[in-house]
Structure formats: structure tokens, C-alpha cells
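Just so you know, the sequences run in chain order B and X. So for the first sequence, the numbering used here puts the first residue at 24; every next one is plus one. So for the second sequence, the numbering used here puts the first residue at 24; every next one is plus one.
Hints in this document: simulated from the structure, not taken from any laboratory. Just so you know, even glycine gets a beta-carbon here, dropped at the ideal spot from N, CA and C. Any given hint might turn out to be false.
What the hints assert, rightly or not - So, partial list: chain X residues that the calculated Cβ filter (under 7 Å) puts toward chain B:
1) 50
2) 76
3) 80
4) 217
5) 225
6) 296
7) 352
8) 355
Number of protein chains: 2
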Amino acid sequence: MSPPSDAEESAPPEAGAVLIDVTRGPALESRHRGAAAVVDGRGKIVAAWGDVERAVFPRSAIKPLQALVVIECGAADAFKLGDVELALASASHSGEPKHVDAVTAWLGRIGLGIADLECGAHAPYAAAAAEALMRAGRKPTPAHNNCSGKHAGMLSAARHKGEPVGGYISFDHPAQARWMKTVGEMCGVELGRAPRATDGCSIPTLAIPLRAIAHGMARLATQQGLDAERSAAAKRVLAAVAKRPDMVSGTGRFATVVMEATQGRILLKGGAEGVYCAALPGLGLGVALKIDDGAARASEVAIAAILRRLGALDDASWRALAPVCRPTLTNWNGIEVGQIRAGPGWLDESAQ
Amino acid sequence: MSPPSDAEESAPPEAGAVLIDVTRGPALESRHRGAAAVVDGRGKIVAAWGDVERAVFPRSAIKPLQALVVIECGAADAFKLGDVELALASASHSGEPKHVDAVTAWLGRIGLGIADLECGAHAPYAAAAAEALMRAGRKPTPAHNNCSGKHAGMLSAARHKGEPVGGYISFDHPAQARWMKTVGEMCGVELGRAPRATDGCSIPTLAIPLRAIAHGMARLATQQGLDAERSAAAKRVLAAVAKRPDMVSGTGRFATVVMEATQGRILLKGGAEGVYCAALPGLGLGVALKIDDGAARASEVAIAAILRRLGALDDASWRALAPVCRPTLTNWNGIEVGQIRAGPGWLDESAQ
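So here's chain B without its partners, still in its complex pose (with noise of 0.2 Å):
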């Protein structure tokens, strides 16, 4: 095992703040910390839990930023790209028959296929998508992939643009440098040296401060100080995001449940390892936060919190949104045993 690098070595070993716990019967049985930011339109901090300077890698959460780029570069208007795809584009989707045959039917529309997706392929998250492949003895193709609507993506920005597609995964092709470019111009931050790694679906990540992942939340959500090209782009994004949150993620789990029954005041985003964004067009702010341990359980509770502090869900939202909210654990039995829940002080006892 080699030594650590420099930026191992620079990372905080102050723990996070103190944001879900996970309850069993009367006790605490685990802890989670993290950091989260919510931030206006023109940068300022509204409010912060730990350290939001800190540089975590987005991951999935800001492929709705990613998406700007297939509307900026002339990709969707020339290939008659609408809501579904742009949703699609912004998704990390459960790979059900309806996200696979969308990305399938869109690739078709660029004169490309599903073997031109390089993001790899997965076991689709749903779990009723992923029995019915192994039932009919066939394999996950790179369209079940999360990422095969932002991969399509990028692919039809590289087809409008007449570049070649092969290898669009690496760091060094157009495609990955206009995302980059359009990411650190909405997060307000020079990307060209921030640490870099390889994503799960084999495209660069790179570690972006939290408060600045939130202020580019907000840029979408407010359209502030972008120009008129980009506040278009931004529109469009939230509109089809709006229109089918079904699309971003999957039938129902926490985001696409959250989108649905706010009815598009609220675009949800997580990514791997506990990573959360919301972009809060009605209130102007935008949001991010990164719980230490990366568990993508206590992502959700958390950002649910924050809305809910935030009054973007309202006392109606919040009741009827509390499975996904503040989830009950049942063991195999189906016995309630325990929560996960806002951690100590998060909330008032009433908004619990």
C-alpha cells in the first residue's frame, strides 16, 4: 500500500457535525456526521453544519449541473431532446424498463447504440427490473447503468459537435472538459487543479468545496448572474426534472418520491457516498451536504431535515412524506425496531 499523498494528509480529522442517528427501541445504535451548506444565489451561506470548505468529490449529485452542457451545446435542440431525456441526463436512474428503453430510443436518435456507452454495466437498482433480467437468464447491459442518461449525454454533445466518441470517458476528450468547464463556472470555482479521480461509471470526478457544490445548486435554482444562454439552460433542466422526477431516479425511492409530491419546487440529486444536493427555485437557495461515512441512508434523512428546516416542506409534505423522511427500520418480521431521524437539536420536537 503506498503512503498517504498530500491530500490525504489534508484532510480535516475534525469529525462532522453531529446529523442522523440511527435509533433501536429505546437506545442510540449508530451516528452519523457530515457537513452540509445551504447557500443564496449569490454565494452567501444561509446556513452550515461542519465544514463546508472542506472538497468532496459530488459524484452524482451534480449531474443536473452536467446537464446544462447537452442544452448549451446546441446537442438537445438539434437532436429534438426533451423532457425525458434531460431528466435522464440529470438522473441516476433505476434502470426499470422505462429509464433503459428511453436511454435505448434516445441513443437510437444520435445513430449510436448501447454499446457505445462506456459507463459499464450494473444490476439494475430495482429490484423488481433486476429479477426479471435473471429470470429471463439475461445480463445487465451498460443501459441499466445509473448513469447511461448523463453518458447519453455527453454522447450527443460529442455527435453534435462532430467529435469522435470513442473513449468520451476520458479526462482528456471534449466531453468531459465542457462539463468541467460549465461546473466550475456555476460552483465559482477554478476546477483546472482540484484533485481528480475516476467516478463509478468511469468518468473524472473531481473534489469540489461543499459550500460551492451548494452555491451552483442555488445558480440553478435562481438563475443569478448567469447569462442568457445559461439562465435558459437552467430552466429547461429544472422544468424537465419538474416534469419527471420519475425519470431521475425511480419508482419509489427517496428522491423521486420527495420531487413528486412537492410537484417540482424542490430538484433532488444525491450521488455516491452520502452526497446530497437540492436546488430550491421557490426559496432561491441551493444546497449540498456530505456525511463522512458516505452512507446514502443518512444522506437522505438529512437533506429531508434541511428541507424541512428550510420550509420547503411544508407540515402536510412532512406527515405524508414520512417514510421516506424519517424511515422506520423493520427487521424480517416486518416488527418496527428502531428510526432514522434528524440527530439531537435538528429540529424542533414539533417539525420532528
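Fit chain X to the supplied structure of chain B, relying on the hints for placement.
Frame of chain B, contents of chain X only:
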């Protein structure tokens, strides 16, 4: 949502010790904190990280201590239970055909069947076994439940004692009272007033200080302070696990792989929510750890690092076991993207 109870309020607000780092490329992506205790047969702390007096739910990690009951009550001899059954009584097995077949045969031997198991059903942990069930259009049964061996052990004791078997998972059934007495004695704690909750398999789980759990494991390893009958039972559990580590976990899984490689010198048992225990007869030590956030990935790498520190894994084993003790993370294309490894300062650079 009900207000926090006293037990929750008393949970320590302090963050645990940094135990495990998850890297991606050159950077730290996620970090796991927790507590760990290494204790000798007299209960003396040999090494500790974090708050080892904190009571944690040991979950499945104390199954080898619960298995003592099956022997001591006379059921093991009466029903001629061998290494396979005693290893299964100590197991969180993968639901492979060999596990399910052995549990089913065992139940038959005590005049019962799968329908008498009250642990609930879940798909086998072993992907191949789960897939085979699906392809065959079959549903998992309680025999596939990872705890089915522990339950068969409890049923064996109840049958041997002539107790009713229905409802054996209830706190008030003698099957539960038996293990609570034995585990309390092994750990040197009075469990009568311990915080109690319901485990995944529906039996009670009791919160025990981490140091005391480690002491229980040390007593299992050393038989120090145990009477002749319990000493014999401890030796029999150790021997069964050493002989059939494949029955305690499953093919390719961390505990089985490490126990097979170390040929009976290490007993390893994990539990849900990031608990891990080890009994080390050669060194005369017991180990117990809990990852604050409940992550299994961290608990495995942390117990491995402790085994390395203690010298329980020699240079050759440490090198050979790298794939499970210091796992490389790969993405959907099989590209190496990061590592899970001991946090800074935990191990000498040479030991890493």
C-alpha cells in the same frame, strides 16, 4: 415521532476514534469512526480506541457466546450435534445450499421443520444462491435467514428441556433467558437492566459495554475463570468454528476467508450496524469493536487492522489476505478507483 428517551439522551456526543479511511484516487472520500477494545482473559484492557465503556447492541457478534447454551443445557449431546451444527449456531451464514440443507436436516433431527423458525425470511446473502432461488421462481424461507442456525440452537435447547417451542423468540421464553444469563456471565455484566431492543431476527438484543463484550470473547478464547463445564463448552465452540469456518459466514466472505487462512487461530464474528468481535486463543485476547455509523465495510477492515497490530496476522497472511483486509474499490468497468484501509497512524507503514 416520540421525543428522545433517556437512553438516547445519555448517548455520548463525542465522536469516536478515526478507524477507517475510504480513499478515491489521491483523496480521502469518506471516513469511519468508532471504538474498539482488546481485553485479556482477566478483563484487563490491553488496547483501546474511542469510548469502550459505551454500551452497544452486539447484534450477531455474540452468537459464539450464545452457542455455549446449546452445549451446556445438554441439547448438543442429546441430539448429537457436531461441528457443523455448532458452527451454524455461531453463524450469520450466507444462505448457500449447504447452510440451508444443514439447518433443515438439524431441525428434522429435533422433530421440527422450517416452519418452526421464527426468524423471518430474507434472500440469501450469497448472490449465486439468491439468483438461483429467483431463477427457480422460489421464495426464500426462514432457513435462508442468516440467523437460522442460531434459532435452530435455541429450538434444540427448548426441545431438550421440554419447553413449548412456539414463541421461543419472546423475551419471556426460557430460550432467551438462558443466553442472557450465559452472555452476562461471560461478559461480566448484569444484563437484567440493560437497554433492550429487537434484533433483525426478532429475538431481543441487549446493550453491553464494548469492553465487556471483548472480555466475553477473551473468556471464550482463554476459558479463564470458567468452570469445567463452561470451559469444555467454550473449547467445543472454538473447535467447531475452527473446523467449519465455511458454516459461520460464507464462501468468499471476510470472516470465512480470514478464519480459513489462519486455520483456527482466530475466531471472527460480525454483527449488524458495524460490530465485530474476535477471540484469539493463542494470544489469550478478545476483541470487540463498533463503527459509530454502522458500516460493515469499516468493521471488517478495522478488525483486520487490529488483528495485524496484535500480531494475529503474520506478514504472509497479511499479504495473502489483502483483498479482504485492505480492499481495493473498483468501478463498473473494473477500474481500481480507491481503497478501504486503516486510518492514519493506526498501523506502521510497513504493516500497511
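Status of each hint after checking the structure:
Below 7 Å, beta-carbon pairs count as interface contacts, and residue 50 (chain X) has one with chain B at about 4 Å; its hint therefore holds. Residue-level restraint check for residue 76 (chain X) is violated (minimum Cβ-Cβ distance to chain B is 15 Å; threshold 7 Å). Satisfaction of the interface hint for residue 80 (chain X) is found here, the shortest Cβ-Cβ separation to chain B being roughly 6 Å, below the 7 Å cut-off. This hint is violated: residue 217 (chain X) has a C-beta 10 Å from the nearest C-beta of chain B, more than the 7 Å allowed.
Checking residue 225 (chain X) against chain B by beta carbon gives a least distance of about 5 Å; that is within 7 Å, so the hint holds. The interface hint given for residue 296 (chain X) is met, as the beta carbon of that residue sits about 5 Å from the closest beta carbon of chain B, less than 7 Å. Look at residue 352 (chain X): its Cβ only gets to about 9 Å from chain B, farther than 7 Å, so that hint breaks. Interface hint at residue 355 (chain X): satisfied, since its Cβ lies 3 Å from the closest Cβ of chain B, which is below the 7 Å cut-off.
Comparing the model with each numbered hint stated earlier shows that hints 2, 4, 7 do not hold.
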